[in-house]
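Novice: Next come the chains, spelled out residue by residue.
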Amino acid sequence: MPQGGNSDTEVLASGPELGPSDAGMEWPSGTVDIMIGLLTLNNAGSIEAVLKSILEGLRQFFPDASALLVNCDAGSQDDTAGLITRLAAGIIPVRTVSNAAGSYTNLSREAGFPGREETIHNFCLTARRVRPKVCLIVEGQLRSFSPGWIDHLGKPVYEQGEDFVVPLYRRHRYEGTLATNLLYPLTRALYGKRLRYPSGGAYALSGKFAEVITRSTWSGAATKYSVDSRLTTAALAGGYRVCHTCLGTKDLESKLAPADLSVVLAQTVGGIFHSMEAYEPSWENITRSHEVPVYGTPESAPDSGPLHTSRMVSGFKQGLRDLLPLWELILSRETLGQIIALDIQDPEEFRFPPLLWVQTVYDFSLAYHNQTLHREHMLKALTPLYLGRTASFVLETQHGDSAEVDRTVEHLCREFESSKSYLVEQWRWRDE
Amino acid sequence: MSDLWRETMVAGFRDTVMQIVLVLPRLLALLTFLTLGLLAAWAVKVLTQRVLRTFGFDSFCDRLGIVQPLSQAGVRRPVSQVVSGALFWIVFLLFAFMGVDALNLQATANLISQIVAFLPNVLAASLVLLVGVLCANFFAEASLIAAVNAQVEEARIVAGLVRWGLLLFTFAMVLTQLGIAKEIVIAAFSITFGGVVLALALAVGLGARHLMREMLERRFSHHEDKVDQLSHL
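Sequence order for the protein chains is A and B. Per this note's numbering, the first sequence starts with residue 26, numbered consecutively. Per this note's numbering, the second sequence starts with residue 27, numbered consecutively.
For the record, the hints were derived by calculation from the structure and aren't laboratory data. There's no promise every hint is true.
Said to hold, decoys possible - Cβ-to-Cβ under 8 Å is the rule here; a few derived chain A residues that face chain B:
1. 201
2. 202
3. 204
4. 217
5. 220
6. 224
7. 273
8. 274
9. 286
10. 287
11. 343
12. 402
13. 405
14. 406
15. 408
Heads up, the beta-carbon is just placed ideally off N, CA and C, and yes, glycines get one too.
With the sequences and hints as input, model every part of the structure.
Specialist: Here you go:
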């Protein structure tokens, strides 16, 4: 690790294309082994602990590697960037890259903090200049970050040659129901790799993959959708080596209220639907899925208490009552008929069968492809159906343990895979 | 007496015949214009429809998102048919006006020039109407989905209010553009809009203040909701 770090600050407008003259002025191409992107927005309160963990992790696990810290700041008003520069002075070279004011492409927050997407973009652009071997992305609000995470994230890329490392956190069995019931089964069925949908916090990327995504995922309509979804599908569709690494509990310091469910759903699901159009040849002929390497042992956290599903069922009921005219345009007659026939009298006995859910998701993807409705409206109209499926998922597994939940998710994934022929057939038929 | 009677009769007959002789060519011209108009309009309609279909105009409109709001507004025919139908009537009416003008009647004198002078207003009003109806449908749909996702029981009422509010606003703009009872329209719109806002303010401020207080407290205190116990990602 180089000593006596120098630091400088630059402000990048979102999405500039780099010319050859920009390439590696201060850090000649290929001289940095590990580039750590610290994404911040008003994290002065927690950044010291995170930074200390990063520095300690580098000292312990990568003592001989040359490292560069890039603080990608989304416009902090509490001198987070200055604090990082001061704390890291003399230990590691620091470069600060700030978002240009007002450059956010999407103000409706999906996850993380406003401007997160631009900070990741800026980091990848910097990686394109510096060409490091390993890129680590760490969110400054990740209070639970420990020195060992540098090892868990960095080693799969540094030593095993992986391109995209997605962390598995210690979570209780019902955390991430959108991921387990929709995003993961859908991406698995599409691209044939059992990579769980990322929940943010931290990532590791190879320099090669970081460079590629600056060219492919930050242009056109894709920028409206979740950056996590874009990174994941770019890695899967591009045939890059993907893996999981097991980290501990994800504890984020968040001063903001949680994002609205329909916004989260539209941005994540929309990202996958959009990628289906962009990467059509990559997924059409895949019929089976394969495991991806997992570094470490996944753990699950104990339940935080019983979950109440009555409000989810009433959300589904209201959707059935008020959004039926829209669902008629989106869903096939057969799927809609089965949804209408669901028994919603007793919320405790409510069930949304996996196969019906698969058909629903595939019909929505086809409607997205055909632009049957305004796309954002269509994606948000999925929310009551998702609530219905989630309620059913919780009710089906509430008396079981984590293994029971895993079995249910696995069963759902297999339904997604076995019904994929319906999606491909309809997709091709509508294209003709 | 008999001579006077005979002369009067002859003069009346001669005048009538003269008038008929004068009007007949004009009537014939009107009929010719109407026939030509029908033929020209039909030709324009068929030609437009074929050209639009050849260039995939319907799927282009579909991609632009025009078809769905039109369908919601009750127009269920392909857009190419709607456009060619509109052109049919425009061409036919132009010929019809020429025919009426050829009659050279006092009541229809300068009809064409008046109509042509008024055409920009009609076009502007049509554009305002089209954009207004599309906006009303779009925002009503958006508010319906948002209200359902927020589990607001009265979601359809909210969407209806948005739709009819925007349509009311559009109709007022259209009538103003056409210059029809301008003052009455502006006054009626102001009174209606002001009345609705006042009624809502009274309803919320007096009738439902406790409910509103609870809702605002829930909204801004990040009260733990049963649905939000879940971390979805």
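Novice: Are any of the numbered hints broken by this structure? If so, which, sorted upward?
Specialist: 4, 5, 7, 8
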